[in-house]
Every structure is written in C-alpha cells, then in structure tokens.
Amino acid sequence: MSKVNRFVINNTTASLSVLFTNNEFESTEQNSNKAIDLSFEYLRVFAPTDDKGQATGLTPKVYHKKQVKLLKIESVGKHGYRFIFDDSHNNIYSGDYLQLLSVEYQQRWQGYIQSVTTAANSREATIEIKEVK
Numbered sequence: 003m004s005k006v007n008r009f010v011i012n013n014t015t016a017s018l019s020v021l022f023t024n025n026e027f028e029s030t031e032q033n034s035n036k037a038i039d040l041s042f043e044y045l046r047v048f049a050p051t052d053d054k055g056q057a058t059g060l061t062p063k064v065y066h067k068k069q070v071k072l073l074k075i076e077s078v079g080k081h082g083y084r085f086i087f088d089d090s091h092n093n094i095y096s097g098d099y100l101q102l103l104s105v106e107y108q109q110r111w112q113g114y115i116q117s118v119t120t121a122a123n124s125r126e127a128t129i130e131i132k133e134v135k
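With the numbering used here, the residue at position 53 of the sequence shown is 55, and numbering never jumps.
Listed next, with one range per pair, are the computed distances between beta-carbon atoms:
1. 133 to 9: 34 to 44 Å
2. 134 to 59: 36 to 46 Å
3. 80 to 134: 47 to 57 Å
4. 5 to 133: 47 to 57 Å
5. 80 to 38: 16 to 26 Å
Treat the hints as calculated values from the structure; they're not laboratory data.
Think of the CB as a built atom: it goes at the ideal place given N, C-alpha and C, for glycine as much as any other residue.
Taking the hints into account, I'd like the entire structure generated from these sequences.
Below, the structure is given as structure tokens:
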C-alpha cells in the first residue's frame with residue numbers, strides 16, 4: 003500500500019503529478035518514491051463516482067471534458083482527496099484509486115477514445131448556443 007506524498011498541478015500540460023511514498027521497507031529512498039502523471043481529462047472522465055454517486059467503473063459516463071481544469075485539491079482525512087474541477091464537479095479520490103487509474107490507464111483510455119466516435123460522445127467541450135430574438 004502506498005501513501006500520497008505530494009500533488010503537483012501542471013496547468014500547462016493539463017495534468018496532475020502524484021508522488022507516492024511506499025509504506026514498505028526499502029533500502030534506498032529512490033526506490034521508495036514513485037510518481038505518476040494523469041491528465042485532468044482522464045481524472046474527470048474516470049472519477050470514482052458520477053454526479054449521482056454511482057461508481058463509474060471502466061465505462062466512461064462523462065464526455066466533453068477535453069478542456070476541463072483541476073482547480074483545487076483538499077484533504078478529506080482517511081478517505082482521500084477531494085478534486086474540484088472547473089465544471090463544478092468534485093469527487094474524492096483515494097491513493098489506491100489513483101494508483102489503479104495509473105495501472106489501468108491504457109485499457110481505460112483506449113476504451114474512452116473508442117467511445118468518443120460520435121458528436122454526442124465527443125471529447126470537445128459543448129457550446130451552448132441561444133437564439134436571441
């Protein structure tokens with residue numbers, strides 16, 4: 003089991019770096035620290051739960067998040083960390099879940115890319131157009 007040691011939000015690359023410290027006894031500090039990078043879009047699409055509190059699993063239920071930004075991270079004690087996105091969504095990510103997202107990245111991302119083949123399921127942000135009379 004690993005513990006999150008530090009987060010680095012990189013708005014230039016729209017990604018989050020997560021530095022873990024392993025709880026296991028290891029001989030060198032270099033071997034005991036590990037970092038992962040996850041895009042804001044990937045974190046938002048594969049949030050632990052959807053807006054209704056249902057687990058998301060491997061099938062994405064959210065689209066149009068290519069431009070989403072991670073605004074803030076708050077500690078939620080033993081539960082994990084609340085990620086607050088600019089689309090008003092927030093969710094609690096545990097250290098274990100962040101590691102799972104890293105391990106399953108290829109499988110999840112490929113499934114997501116295959117599911118965005120239609121305009122209804124696009125990665126691009128939707129633009130609300132209102133007719134002015």
